[in-house]
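Based on the provided sequences and hints, a complete structural model is requested.
Listed here are the chains, written in short residue letters.
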Amino acid sequence: MTLRNPLRYLDTPLRRVNAVVVTVALLFALVYPYLVPPPMVGVGFVALLYALRNFTWNIAGGYVGQLSLSHIVAFGTGAFSVAVLTWRHEVNAWIALVVGVLISAVVGFLISLLMSRFGVNAFFLALGTLALSLAAAGVAASWTFLGDTNGISYSGSEEGFAHLMWYIDPSGFYYTTLGFLVVITIGIAALMRFTHFGRSLPFIREDPVIAASMGIKVVRNQALAMALSMGLTSIAGTLIAQYVQIVSYESVLTVEIGVAMMVGSIIGGAGTLAGPIVAGIGIAVLEEFLRSFAVSSANVSSYTQIAYAVVVILLLRFGTGGIMPLWEAGVRRVFGTGRKPVAPAAAEPVGELVDGRVG
Amino acid sequence: MTTLEIEGLTVKRGRSEVLHQVDLVVREGECVCLVGSNGAGKTSLIEGVLGLLPTKAKTLSFQGESLLGVRPWDRVRRGLVVVPQNRDLFAGMTVEENLRLGAIAAGDRTTADTVLAEIYELFPRLAERAEQLAGTLSGGERSMLAIGRGLMSRPKMLVFDEPSLGLAPLVVTSIMRTIARINERGTTVLLVEQNVHQAFALASRAYVLENGVIAGEGPTDELADSELMRRGYLGSAATGGVVTT
Amino acid sequence: MSTVLQLASTGLLQGLIYSLIGIGLYLVFTVMRVVNFAHGYFVLIGMYGVLSLEPKGFFPFLGAVVVAALGGALVGYLVQRLLLESGLAKGGHSQLVITLSLGIAIQYLFQVLHPEPFETIPNPYPFEAFTSSGVTISAPRMAAGVLSLVLVLAVSFLVYRTRIGTIIRGCSESLNGAIHVGINVRRVYRLTFALGCGLAAVAGGLLLPIQPVSPALGLELTIKAFIVVVIGGAGSLWGTVAAGVLLGLAEALGSLYAPGTFATALVYGLFFLVILVRPQGLVVRAASRIKPAETSTKVGVG
Ligand SMILES: Nc1ncnc2c1ncn2[C@@H]1O[C@H](COP(=O)(O)OP(=O)(O)O)[C@@H](O)[C@H]1O
Ligand SMILES: [Mg+2]
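Chains as they are written, first to last, in numbering that gives the first Met the number 0: chain A, 0 to 358; chain B, 0 to 244; chain C, 0 to 301.
In short, the hints are calculated from the structure, not lab data.
Hints are not guaranteed to be accurate.
[To be verified] According to the in silico footprint, chain A covers these stretches of chain C (three or more CB under 8 Å from chain A):
#	region
1	94-104
2	215-229
[Unchecked claim] Pair ranges (Cβ atoms, derived):
#	chain 1	residue 1	chain 2	residue 2	range
3	A	309	C	116	18 to 26 Å
4	C	163	A	182	39 to 47 Å
5	A	290	B	14	44 to 52 Å
6	B	196	A	331	52 to 60 Å
7	A	89	C	2	43 to 51 Å
8	B	14	A	7	29 to 37 Å
Just so it is clear, CB atoms sit at the ideal spot from N, CA and C, and this is done for glycine as well.
Next up, the structure:
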């Protein structure tokens, strides 16, 4: 039905407003490099990269509720695969990208499977995946194959889309990342809407036991979502490696990257489609804004980290679901709902601290 | 004087309302029972009264003072003590530690030793096992310990949530006799049970809870002969032994 | 041989500091079931607290440690009261993300305030070093180990032998049980969180003369605290203490055989396996046997 007449989808004011906003944003994103000087195109690339990174984390972290920090490993894998294969051994960058995706996906699948197999709860999942990422950083720091403490620097001479490399003008990186972001977003949206697998994910997040009793293959779907999520995160790692042309354990295997993905998704609205993208771009803009105050560049990242943390703490403390739910509520207030609202998915909060049985 | 007065009590579990507009009164020194089948909302009523679940009520007062807005632990300190259905013991601590914790917040510290001696007299079994970990006790002993812990603070009123649950018939009889003694010594009792025969033998008045509403109430001897009890209730639920969640 | 002995003594003393950091996290973890990802950053608060007080001499140093501890406890109290408390009943994992973010915020706050890495203070103790049978231990290291041990014993006394300790253990055994006996669990939670953070800050103060402080140290210490608590298990405080000493020894002796970063990677990898296989801890069984023999509570105290 939606396929026959796409306009039928635009049946509520919220959807109409969102459609306009998305169209304008996309058009703006397309012409942006022509409006600004090249350094600002670089900023645009970074913003899109943050968006991509948050979005891919959100697949497992937001939709399924697996608060994973093993995405650090995925990001690092994407970066190191291009560094090792392309820069050292002159394999085509796109092949390296695919290799990174596959390795990350397999790692993600196995981690999720292991964690489920041993019945690890969310706290230990976060802790365990953090330990794993730190172990990976330790290995990278002491293994010359991964550049040990010196890192691996770019070497090569070819340029262009086929080699995923542009030396002077960053708009190649910009458009490639935009392309990935658009394709992945549409793909995930379709997956969530039209496939049995995608539709099962929110049920797993709400209550794995009930989901299992509904006949959903919880363990398998969790593992698949994790594989998809980490595999796609690896793409962001590859892109940033090509862009900065140096990869070391300190630049791509840090806890801050994992926290940024997690927190970025939560700020935007975990489990929403647009939230992680909006938050990623917002953070990049914030960084640029701080820089324009002539804050020293070391301090820019400090301040953005603090800002990240403070925003997410306030969001969680005051129980709002992030930017997207706020936006939706705002649009509904201004334009009306256009129809009876669907029952909210979130469980009603119990005011008391004390009921151990509800929590 | 009324000890516990409930008027228009509504209790929610998660999103669903499990208790609707319940009225219930327990007067000082009384032994009242509340019966209802599995899932009727008995535990929810108790947890609502204690403030463990979100509630709405026109009146909810204890010894003439409103409990609305009072924290659960402060309700306990005022003398409204519950012996919970799943006992909620401190499994990794000894029987004596459990009992002493019963008096730690609400009780008068100087009388703790006296009360402890009384409880050991009431339940000689607990005295024998004073140094045993609560988690290793049998079902009957756990029930005794939960009751003993509840008594440690010398409460004005004790609410028993299915004290017979999962116990052998002989043990049930002994527990019920103890509850009668506790009531005789002046503690007001609200006994919540599925086991109608045992409960009615003990209590002077009864309330019947069905699907979250009070379906009937009255003196136990009248209620036992009533149409309500004969028709549906005694037949299905009084068989007992059903494990509630 | 004397190298091994030297390393073992250093490791043992370092391990006692880990034990002290670990029991702070252990208390919060077992009582409130909150995984405080900011715990190591409270150690950092202690370190930077003492650093910025610039104590000269032994007694000013002790004073600075006490002040830093109180500061850490106060921050912890406020964090629990203002940020975590409301999320406890809601379920979900807001505390996890909040404490993780809090840690990051603290780290970068110190990054802005103290951009210089590896700051430290001179030896505040009136001795230089102790030497015996070929083993030399510097005064700050010896003192930090001994004071940590004293504090660990004091905390275990508090937890197992006092009225407030009984209440704390009651809350950790059964939250509902605690409410049914009239314990104000909200207040117990606040105090426990403050105590845990205060202990972390004390450990930080004691650590400062031995280990120069950088903002990035917070994460490492958080992970180490988790390693200690997870390996020690939720059974008894002594499991955590034992695991702390074990970690200190393993770290020191491990440095003999493997280069720094790889050894760390190995520790994290092993930790991952422990989480998979035994989230309830490794030491717990052995430790529960060391429980104090006389556990009856002193109701009259306090
Ligand atoms: N943890 C829970 N969450 C949601 N609903 C519950 C929960 N526990 C019980 N219920 C529901 O609440 C109703 C009342 O339960 P309860 O008060 O335990 O009844 P009783 O104690 O009479 O057996 C039942 O319909 C039950 O299904
Ligand atoms: Mg019940």
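Do the hints match the structure? See the list:
no.	hint	verdict
1	94-104	holds (count 8)
2	215-229	holds (count 4)
3	309(A) <-> 116(C): 18 to 26 Å	holds, 24 Å
4	163(C) <-> 182(A): 39 to 47 Å	violated, 60 Å
5	290(A) <-> 14(B): 44 to 52 Å	holds, 47 Å
6	196(B) <-> 331(A): 52 to 60 Å	holds, 57 Å
7	89(A) <-> 2(C): 43 to 51 Å	holds, 47 Å
8	14(B) <-> 7(A): 29 to 37 Å	holds, 31 Å
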